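Peer 1: Each chain, letter by letter, is given below.
Number of protein chains: 4
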Amino acid sequence: MNARDDVFVPELLARRAAGVRAATLALLDGLTPEDCMLQSMPEASPVKWHVGHVAWFFETFVLEPWQPGFRPFDPAFRELFNSYYVGVGERHPRGQRGLLSRPSLDRVMAYQQSVLERLLEWMDDAAPPQALALVELGLHHEQQHQELIATDLKHHFWHNPLLPGWRPAPAGEAMADPGPAAFRRYDAGLADLGHAGDGFAFDNEAPRHRVWVEAFELAQRPVSNAEYLAFIEDGGYGRPDLWLSDGWDARVRGGWDMPLYWMRDDGRWACHTAAGPLPMDPAEPVCHLSYYEADAYARWAGARLPTEQEWERAAAQAMAEGASLPADGDFAESGLLHPARLRADAPGFLGGVWEWTQSAYLPYPGFRPAAGAVGEYNGKFMINQMVLRGGSCATPRSHIRHTYRNFFAPGSRWQYAGLRLAR
Amino acid sequence: MNARDDVFVPELLARRAAGVRAATLALLDGLTPEDCMLQSMPEASPVKWHVGHVAWFFETFVLEPWQPGFRPFDPAFRELFNSYYVGVGERHPRGQRGLLSRPSLDRVMAYQQSVLERLLEWMDDAAPPQALALVELGLHHEQQHQELIATDLKHHFWHNPLLPGWRPAPAGEAMADPGPAAFRRYDAGLADLGHAGDGFAFDNEAPRHRVWVEAFELAQRPVSNAEYLAFIEDGGYGRPDLWLSDGWDARVRGGWDMPLYWMRDDGRWACHTAAGPLPMDPAEPVCHLSYYEADAYARWAGARLPTEQEWERAAAQAMAEGASLPADGDFAESGLLHPARLRADAPGFLGGVWEWTQSAYLPYPGFRPAAGAVGEYNGKFMINQMVLRGGSCATPRSHIRHTYRNFFAPGSRWQYAGLRLAR
Amino acid sequence: MNARDDVFVPELLARRAAGVRAATLALLDGLTPEDCMLQSMPEASPVKWHVGHVAWFFETFVLEPWQPGFRPFDPAFRELFNSYYVGVGERHPRGQRGLLSRPSLDRVMAYQQSVLERLLEWMDDAAPPQALALVELGLHHEQQHQELIATDLKHHFWHNPLLPGWRPAPAGEAMADPGPAAFRRYDAGLADLGHAGDGFAFDNEAPRHRVWVEAFELAQRPVSNAEYLAFIEDGGYGRPDLWLSDGWDARVRGGWDMPLYWMRDDGRWACHTAAGPLPMDPAEPVCHLSYYEADAYARWAGARLPTEQEWERAAAQAMAEGASLPADGDFAESGLLHPARLRADAPGFLGGVWEWTQSAYLPYPGFRPAAGAVGEYNGKFMINQMVLRGGSCATPRSHIRHTYRNFFAPGSRWQYAGLRLAR
Amino acid sequence: MNARDDVFVPELLARRAAGVRAATLALLDGLTPEDCMLQSMPEASPVKWHVGHVAWFFETFVLEPWQPGFRPFDPAFRELFNSYYVGVGERHPRGQRGLLSRPSLDRVMAYQQSVLERLLEWMDDAAPPQALALVELGLHHEQQHQELIATDLKHHFWHNPLLPGWRPAPAGEAMADPGPAAFRRYDAGLADLGHAGDGFAFDNEAPRHRVWVEAFELAQRPVSNAEYLAFIEDGGYGRPDLWLSDGWDARVRGGWDMPLYWMRDDGRWACHTAAGPLPMDPAEPVCHLSYYEADAYARWAGARLPTEQEWERAAAQAMAEGASLPADGDFAESGLLHPARLRADAPGFLGGVWEWTQSAYLPYPGFRPAAGAVGEYNGKFMINQMVLRGGSCATPRSHIRHTYRNFFAPGSRWQYAGLRLAR
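Residue numbers (full-length UniProt numbering), protein chains in the order written: chain A, 1 to 423; chain B, 1 to 423; chain C, 1 to 423; chain D, 1 to 423.
These aren't lab readings, by the way, just hints derived from the structure by calculation. Nothing here was measured: the structure is a model prediction, and the numbers come from that model. Do not rely on the hints blindly, as some may be mistaken.
The list makes no distinction among identical chains, and a pair is therefore deemed to hold if it is satisfied within one copy or across any two copies.
[Claimed, not checked] EDC-like cross-link-like pairs, simulated, lysine to aspartate or glutamate; straight-line CA separation at most 16 Å:
{"#": "1", "residue 1": "K380", "residue 2": "D177"}
{"#": "2", "residue 1": "K380", "residue 2": "D249"}
{"#": "3", "residue 1": "K380", "residue 2": "E79"}
{"#": "4", "residue 1": "K380", "residue 2": "D124"}
{"#": "5", "residue 1": "K380", "residue 2": "D246"}
{"#": "6", "residue 1": "K380", "residue 2": "D241"}
{"#": "7", "residue 1": "K380", "residue 2": "E217"}
{"#": "8", "residue 1": "K380", "residue 2": "D29"}
{"#": "9", "residue 1": "K380", "residue 2": "E11"}
Just need the whole structure built from these sequences, with the hints factored in.
Peer 2: Pasting the structure below:
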């Protein structure tokens, strides 16, 4: 994160902390302790673990070093809820988080409450700015885990033949066809990209830096289910010439012939969603694609994925033109955890589905990770991953920015990840 | 099982069914729904799945074909709780049983209760003997799962760094050293082995058949922890000449240098038990050994494992001499799920720990599996496994016989399996 | 092997040694140095390695301890050509034997010649009987590797799409259909089995011991390709009820739907053989089956595999009735490395194809491995394998006996292994 | 490759083709047919396969479409020697190339000679420019395989405990210590990068495009063995904070604690080289590093890897200043296949060791793969790989350029890959 040591108002920060936690806990509505223990793959953690981990972050990085007379809630939690911070010590093996029936969900709920109370109490005091900066980081960290709670749970439930849903189904009539995507042209030129200004940003969004961007065209909306279905029906999953070599191998190995969570039954298409199985809606943006599928689709469509520089330039321009960006997308606050239908008249860049870019996740020129264990937050993952931009229907509205860099391995499919065409 | 169509008294059988179920449910005392969902490896199922499966057996093999107007509790359970009966249809993948947060434990409890009630109600009617034989099989099947509930749960909790215990610790002072094991000699001769008589037995214990058994000597008690510790301290885990070739490979691959559940800390030995971590008691029988370890130990001790024929002959002789066999061991009814200390004056053959034999699990001459899907019960597993005899502290007293054949792959360690020396 | 210290005539043994080696080298006719380096799987060694290893056995177990002034041909070979004798020291990893382009085949040929010459020279002296016993063991060891040279090479060439052959095709017209197999009945009774008499036998054939064998019937010839084809065409590979549980898993994992080396092209069946691809001959015995396939076939045919005791009893009786056993089969000396067609009038028990029995490979009562490193020859493999009896078309005639116990893992398919029905 | 249809002089191209082939065959000096069949891992092919494949390229992409009356040398070779061109048809599995004892090396030599003769004969005719462009591509393709022949063979021989060498050892005294590396500063600015001009370049070096490069400093020579040893001795392989997360996992999984081919014996360091084992020379550039090790070293040294843009800018500037670039490095023509010692007075950018950059291998803006099957040459590998620049001691001098983009997965270690520091 950026060092903005002088700008924190403890009261405001405390209010935000309480609000973020309330949003985290709201995600557990309708879930049982058994649901909260599910772990369907090493990359997807149990809901209970996420809850413990977001509290752990505050206890470990804020309370332990800064609170006078600090005493841990439970010394064993230091290891149990450490994700990957080698600087903090041992970690419980990632793939075995689903084997922690103890501590129970009740006890983890008591833990997060205790940490939050101690945090709020301590923030009344003369908390030093560098500690408050860690609180702010912790709040954004917690919002990231809110998104993971949703995407991981969807993956866990996918492994239950009953296909449980835990959210209401999207309401409303199917919209009219959004029509073909318009492409907008952007001229070549120098651009300053990366985070600027006073607001919070992760360290990987900095420093702001100059890039030369060649002229390009970018679609004004993501690819729809209907468009992706045409790729399927045209045999796109059976044509190696459309795929990257590693992508084709992943496709064969995984037996992929449709997006994750899609099902075909008697010629009808359906999707596993947060509301359980629903008919596939052609007007929604396609999602749960790997990079390989997004890339193959783009090649099939005679286009390509944008670079993150192109994407950010276009999004910055939209903002400069007065678009109230977060407003035009759909976010976690809707409670649906499902992307809204595409509309022709709202070419926003944020929300709905993450958009794969053709940029590898690498440091910006002059990048420096934060000092100490929180320096492990982003930098050590800068290899073998591709950048996604824009946020999704599972991202909190206050969490996303047009400079935000999300990143996943190219074979990952369990995020709400789609694509937007460039050429 | 044997066909004894004429001997069932429905009232007695119903009383037994209720008693067996009560014993099953007693095993859940102190467990949370989260505990009951744990699955630490594909071979070890969640407690909740075991409970659903024992009910499923009665619903599928008794109620569905025999109860007039049968209606399933939930049609989805037919697949969810099928273990390996291909004749019944599809099965939920074994390694993913821990991903079934739904149905909840509450609902599975309602399921087992519904099945039991319908079963008891139906048994009041003029139930045909061949159906009652399936009820009896189902009761023994349920008792097998009682043992698995205990051994699986111990394995699940072993993967939690908190090492939870869920049973009281064994009471009492450490007994005097049991002293060196006495060996008893048995002369060569023909013997009739396998199940005889009216009582229940599994199909794999039949038919009774004749074998020639050479003269042999057999220890009058299993090997103790103290004796096994001498093997460890003599470097037994580092000497390939003591091990079978496959055993040595398994040892290296698994990093084995002590029995499963043993821990060494600062030179002191402890064990993970049903009561949580306890100091290792030298007077207890060693257990949680693979066949490979039992075999290597026997070779180190200048002895060997007995064959199942030798074992059964000796046990039969003890019975003929008036030993009240089940009385002298320790069984699941103690509630401890931990083997009692060895005593010099009680050379029983049943209870305490299972004893690996050097016999492969193969059909007896003239073996015929039962007709229909229950024919899959035993026969199709007669490969790549070794026979264990005698029962353990997790076996119900009424479940074990001296003709009982248990079987596990030679690398399995999570059962209460020890050994007795022969020569 | 048995200890028969007083029976060796060095001159005769030397003549046999030269003859066995000549037979080994004859197997290399038509092979290039490149062919001799192939290794298609860890279990199948390169021809060159086999040649070096049989020489290594004599150099290590005979010359090194017994020859005055012994000097190794090349000190590095002690490790390179050690198969699995932990007592001898380190071994080159089994799966990497195909990576030894050096030593070249020329040098390995020089090695084997040097060892043989030194061995023959030393045997002129007053060689002690216990050393000569090791020579005899080494000759039988070399004959075992002759068979492996053939079966391994067949497997190696199977991985070359050109399917090279290196032996002449069997001559002659297709025989008349052998007709249905006759079954012969054997009464129940005590039998003395295992090796007896003065001739050589491996340690695992001893000691001779008594067994009770129940009455049984045994087919008078192995199962034919035609009979096995009926199993295939009846859907035998698609019916899990016919298979052992592990066997079904192996079938699915391996994609098995016909014997190894069979091919189906346009409805016609062919086999990869030592003469390259040939049409499948219905009158030949089926071979290259795993135990699982043999067992499933027997179940489908309403029969079962014999135990090794039944097999040996029947073979012994045939001998007692005057059958000149080795004469009626087909062996390696034919040079074809392909089983002859079955005949109705020659119910021999040796040669043609190995026959899977339903007996696990375990020690006979009273078994003792030989002292020293050669004690690793057999005993340490007595787990997870099934016994095969009878020898094959790749077995030297002088190597086989009716007490001979071959053993392979139940999933192995690259040996000439078929079956004979019992009931 | 670029389309330069009008610039080919068939006579000159034919002379080059003969010369390139002579260089390929010279790499086989001292190798046996057995050596030429080795395959130590799927990524490293046998020498024989490389020879067949470079001929296959000409036969498939030039002779087959362009030569009147074309007849293949052997129809089976079309599949056997296809590497990854899906557009051409089936391919023999990559990991099984070492199982092709047939065709023999002799026959593959006849194949390459036949293809070359037919190619040269055909080029006398009025060969169309677009076909000649494919010949030129084939020559550069063959030079790439010359490097792979060297690096793959080194890896194959590493798996032979005899550690064969096949090239003379570097001569000469150890040079004086090259002294600390000087860093040169480059100012920020726009730069035009990528291939320009008339010479040959691969499609992935185009199009020439503009980039903004921030100011940076670059070391004037690669990192030496002595410098890397200091990293080892400082515990660099044991400090996760220095490593990328994936890199640390790879290190643990592979047991890496020194560069590939290094050995430590009694405190002395040695390396497996093309001349067999040699003492480690501190003045040589470190090589056989993965990206992960190069990245960790740079972090330890308080620096970083350069981007490929920085590297190319610096190399271009050196050229503009009059450096005769290929002259100052060391290349395959020396016949040593070993990097020369570093000198303080020769800050060249080409030859010696490849240099990892921190750039992912991705398309340049406006990249278009060639049409047809040769379009699979580069583009489909643009994922999960990092760019290396500069060429190595195994690269032919005429093959390398300062715009050349090599690429390997970050865990690859068998290339002559080192690093140069930036900051």
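Peer 1: Starting from the hint list further up, note which numbers the structure goes against and sort them upward.
Peer 2: The structure breaks hints 1, 3, 4, 7, 8, 9; every other hint is satisfied.
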